[in-house]
Amino acid sequence: MSTEMTCTRLTILTVAGIFLQIIGLSIFVFGFFPVKPTLSGVSGSESYRHPLCDSSPNTNESEIHPEKLRLLYEELSSITSRYDRLILMVIDGLPAEFVLGKDGQPPLRVWKESMPYTQSLLANGDAIGYHAKAAPPTVTMPRLKAMVSGAIGGFLDVAFNFNTQALLDDNLLGQFLRIGWKMVMLGDETWIKLFPGLFMRHDGVSSFFVKDTVQVDKNVSRHLPNELNNDDWNLLILHYLGLDHVGHTGGRNSPLMASKLKEMDDIVRTMHLRALVDRSHDQGRTLLIVVSDHGMTENGNHGGSSYEETDSLMLFIGLSSNISDYAGATNNLAFQVDLTPTLALLFGVPIPKNNVGVLVPGTLNSLRDFEQLRALELNSWQLLRLMQAQLPSSLFGSFSCNCFLEGTCEGFGSDISDCSGDKEKQLICLFRNAAVLHVLWKSKKLTESSAVEDFNRALDAYNTFLKTASEWLASKTTEKPVLLLGLGVSAMLLSCVVCVTLFLSLFKEVYNGPKDQICSLSYLLNLEGLFILAVLLILVISMGSSSMVEEEHYIWHFMVSTFYLLLLFKTVKSFSFSRGLNSLGEYKIGSILLLLISGRLLRGWHQGGVNWTSFPDISKWLEQAGGSYVKWVQLISSFLVIGLGVFTLFRTGWKRKSVRIQAFGFSICGFLILLHAGIYQDGMFEVSTDNGATVTAKVIYLLLSVSAVGGALVLPWSMQNKDKSFLAVAGDCLYLIGSAYVLCWCLLQLLLQQPINSGSILLLLIQILAVSCLSSKDVHVNGWIEIAALYYMGMAGHFALGNSNTLATIDVAGAFIGISSHSTILSGILMFMITYASPLLFLLSLVMYIGGKLKNHSVLAHSDTDLGQLLKLKLGFPCLVPLCINSILLTAYTVVLLLMRNHLFVWSVFSPKYLYVCATTVCTYVGVCIVAATVAYTLSVTSFLTRKRHNNS
Amino acid sequence: MKEAKKKKLETSIGGSISALGASFVYSMTGLFLAVGFWVARNKFSVDLVSDPSWTLFLLWSIEFPVVVIIYSFLRKDPQKCSCSKAVGRSILGLISGAFMNALGAIALGAPIGAQYIPKTIHWSFLMSVFTFVPATAVLGASLTDWHRVFASMKPSGNIEYMILVPAYGAVVGGWFGAWPMPLDWERPWQEWPICVCYGAIGGYILGQILSLCLILFLRKDKNLKVA
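The listed protein sequences correspond, in order, to chains A and B. The letter at position 347 of the first sequence is residue 347 when you use our numbering, and the numbering goes up by one with no holes. One rule links them: number in our numbering = place in the second sequence (from 1) + 1000.
It should be emphasised that the hints constitute simulated quantities derived from the structure, not laboratory data. All of these numbers come straight from a predicted model, not from anything done at the bench.
Some but not every residue of chain A turned toward chain B, in silico, with C-beta under 10 Å: (1) SER546; (2) SER547; (3) HIS553; (4) TYR554; (5) THR562; (6) LYS570; (7) SER574; (8) ARG600; (9) ARG603; (10) ASN611.
Computed spacing ranges between beta-carbons, pair by pair: (11) A/LEU533 <-> B/PHE1099: 26 to 36 Å; (12) B/LYS1085 <-> A/SER667: 55 to 65 Å; (13) B/GLY1088 <-> A/LEU533: 37 to 47 Å; (14) A/GLY529 <-> B/SER1096: 26 to 36 Å; (15) B/PHE1099 <-> A/GLN869: 47 to 57 Å.
Where is the CB? At the ideal position from N, CA and C, for every residue including glycine.
Here chain A stands alone, though its shape is the one from the complex (with noise of 0.2 Å):
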C-alpha cells in the first residue's frame, strides 16, 4: 500500500471489496442454504399412472367424496388394502438399540428384560424391527415431517414460511384426511401444531417440563383403554415424551430407563392385545408402528449427527410377516423417510409428492407377487417424478410412453444393461432395467408357470433402483458443496482484509497528517476506542452460544449505555473544578444524559429475544392500558418529530427560501401521516386496505421523496455565500440535507411502523440530535469512535423497535400500506424498510455528521484544499468504518455458522440469525451509497460554484 493513496484509487478498492465480499456472500448463501427443487402440491389418482405418460388433465379431486376417492384409489393401484385401522405410537428419543441391539447383537439385558412383551412379538415373528437412520437435526419437529412426508426439509421453505409452523407439504396425514380418515391424537403437542385443525380428538402434552418423566405420560396413557373401545377412528396416534425426558436428566443409564421401558412395554401389550388379537375377526385388520423420532447420546441428548442419535426405531407390529427367528426380525436397516411410502401403500393412499423414502423391504410379504412388484412401480414411477424435476428433460427423451408400457423400447429391446457412466444415466438405466423385468414377468406370468425366478429378478432390479434413487434425492437436499462453501468465506475473508487495510492506511493519513494538533498515542487509542473495538471482540464471540444470539439486544444495550457512561466519565474528567463550571460542560452533559435516558427507554419499550418476551415492557404496558393511550403516545411522539425535526432545519439556514419549502413540506407530511393514523389505523394493528388510506399513503411517499431528493438536488445549487469560505458553505448544506434525510425518514416510519413504535422513532430522534450536538462541540473523542458508536446505536434501536432474531418479529402488516396491488418485491422493500429503520435512520445522520465535522474543520483549514483529498479525508474514511465493522461482524458469523452447521439450533437459531446478518449487510450497502453519493454530489457543486466564482471575481 503505498503512503499516497488517492481518491479515485480509494473508490475503486472499496468498490471491489464490496463486490468481492457481494459474490463471496452469494456462493456461500447458495452453498449453505441449498434450494431444493421440490414438487408443490398434492399427490393425486395422476400418481397411479406412469410418469412419462401422464397426459390426462387432472381432474378436480377434491370434490370427490371421501369414499369414492378412497375406492378410486384402490381400484387404480390394484392393491387391495389389508389394514383399516393404524396405530402410530411415536416414543420420543428411543434409540433401535434399546429394543433391537447393535451390530447383530441382542440388546444388553437390562433393556431386554425391561421390554419382555416386545421382545417375544418379535421372537415369535409377530413383530419386525427395523434401524431406521433419521437425517439431521435430530430434533422433534423435522423428524415428524420428515416420516410423514417422506421428504427432508431444507431452511430456506422453513424461513419463507413465516409465521406458520404449520406442515403445509403433501403428507400422509393430509392423504388419509381426503379419503375420509378419522384422526385422533395423543402426545406431544408438536402434532397439533404441525397439523391444527386436523384431529378429530387431541390431547396435547408440552414437551416443556424435561423434569417431568410421570405426569407426561401418564396424560396420553390415561385416554387409552377409551380409545381402544372406540370405533370411530382410522389412525390413532400416541406420541409418549417421558423417555426423552428421562434421557434428558439422567442419560441412557438413568435408573428411570429400565421402568420407563416397561411402562412402554405395557403400553405395547395392552395394544396389541385389545387392538389386534381380539378384534382381528369381525371387523377389519388393525396395524400397530411402533417408532422413535430420535436416538440419544450417552448422555441422552440429541441434535446431531451420531449413530446414537440417528439410531431411531421402526417396529411393525401386526404385519403377517413370515419372518420367525429373532435375527430376522431385528437385523433390518431402513431410513426413517421409508415409513411415509410403506404406509402410504399398505393404506392405499398416493405417496406424497416430495418423498425420498422407499419401501421397506419386508413389509409387503403379505401381498400377493403382482402387488408387490405394483407396490414397488408406484414407489418407482413417484421417485421417477421427483427425479424429473431436477434432472434435464433431456435424460429421459430417449424413452417414449409406450417404451415401458409395451416393454418394447426401442435400441434397447428387452435385454438388461449393466449400468454404468454418471449417476444420472445410471439411474434411469436402472428404472429401466426394473419396468422391462417387470413387463416381462407381466408377460410370462400368464404363460409360463415358473415365473418366480423373473419375479425375483424385477423384484432385485426395483430395490436396487429404488436404493440408488432415493439415495441420491436424499444426498442432493442434505449435502453440502464444500468448494462453494470454501471459495465464498475465502471471498469474504479477502474482502474484510481489504476494507481493514484501506482503513488502517487512511487511519494513518487522517491522524497523523501535519496539519493535526494531537496524535500522541494515548489520543489514538483511548478508552473509548479500547472500547469500541472491545465490543466487536464480544460481538464475535458471544455469536457462538445460541442463548446470545437470541438475546442479542442485551449486549447491544448493554454495551450501548456503557459506552454513553463511558462519555459521561471523559466529559466529567475533563472540567477543571477550580474553574467552574462552564455553560459548554454543562450542555454536553445535558445531552449524554439525554442520551442515557432516551437509551433506556429504548431498552424498556420491547422486552424482546426468546426466554424473556413476557416480562413486562413499556409497549405491553401500553397496551394494556388501553388503546387511546398508544393514540396519544402516537400524536405526541408525532408533533414532537415534525417540531424538532423543522427545528432542526431552521436551526441552519432559517432564512432560506428552499428551506422554508422543504419545511413546509415535512409539515404537510406530518399531518397527513397523523391523519392517516387518526382516520384509518382504527384497530390496533389492523391497517385497513381502504382506498383512500391507500391514496394518502402514495401522497405521503411521494410528498416524502419529493422533498429529500429535490432538497439534496437542490440546495447544494441555492446555498452561496460569499462571507463564507468553501467548507463551511458545504457543510451547512450538508447538515441541512442530513436532517432533511433524518426527518424524512422518521416521518416515512411513524407511517409503516406500528403505532406502539412511535414513541422509539421520537428518542431515536432525539438520540440522533443529541449526538450531533455532542460531536459539534468537540468531546475530544476521535471521528471514527463516533462513527463506529453511531452504528451501535443504530443496532441497538434495531432492537428497541421490536426485532429479534427469530423470522416471527418481521413486521408484515405494514409491508401492505399504500400498496393497491400485490406487489411481492414493493412489499418486500417496505418490510426490509420497517425492519432497518433504526439502523438506515443512523446511517443517514453520517451525512448531518459530516456536515457538522466539515463546518468545525472550516475554521481551521486552509480555504483552497484539493477535492479528492477532502473527499477522502471527510468521506471516505467516515464510510469506510461502517463497511469495516459490517464486512468483520459479516465474516466472523460466516465462520461460526459454518463452524456450527451439526448445532442443535442451526436452523432454529443459528440461520434466522445468519438471514438478519446478510439482510444488515444490505442495509450498510444502501446507506453508505446514499451518504457517499449525496456528500460527493454536494461536495462537488459547492467547489464548482465556489470555483466559477472565483473566477468570475
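Once you've looked at the hints, dock chain B against the given chain A.
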C-alpha cells in the same frame, strides 16, 4: 483494645498508612463481609438466591459501620475535621452514593418493576458502601479531590489508592457480573441483582488485592528513588 490502639497509631501518622495497615483494613472489611454472609445464612437462614434484598440489607448494614469507623480514622485533615463529622458525612455519602449507583444500574438496564425496587435499593446501598462511603469519609465534599482521585485517577498517598482501586474494582466487577444474566441456563442466580452482587464483591476484593500490590510496589519505587 488492640484494634483501637492500632487505629490510634494510624491516625497519629496523619492521613497516611502503611501496607500492613492497609492489609489490616482490608482484612477487617473482608471479615465483616463474611460475617454478613454468615449472619444471613445462620441467623436468618437466607442467602442471595433465596431472598436477595434481605441478604443485601444484612450485608450492607453490617459492612457499613465497619467501613465508616475505619475510614473515618483515616480521614483527611484529622485536626480540622472531627471524627463524628466524618461519620455524619459518610452517612450522607451512603445515601447519595446509593442514588448514583441505582441510577447507573438502571441506565445499564436494571429492571424497574415493583418487585425489583427493594433489590435495586439494597444493592445500590451495598455498592455505595464499597465505593462512595470510604471516599466521603476520607475526602469529604471536596469536589477537587474527588475529581482528582476518581476522574483524573491521580491519587496521592496510600489511602487514596485504598479508596480508588477497590471502588473501581467493585464497579467493573459488577459490570462483568451482569454478563451471565441473558444466558438461558435457567439458574436462579442469573436474576438481577444476584450475579451482579457476586461480580461486585469479587471485583471489590480483587481491587483490594491490586491496591495492596500497588502500595507495596510504589513504596519500593519510592525507596529506589530515594536511594
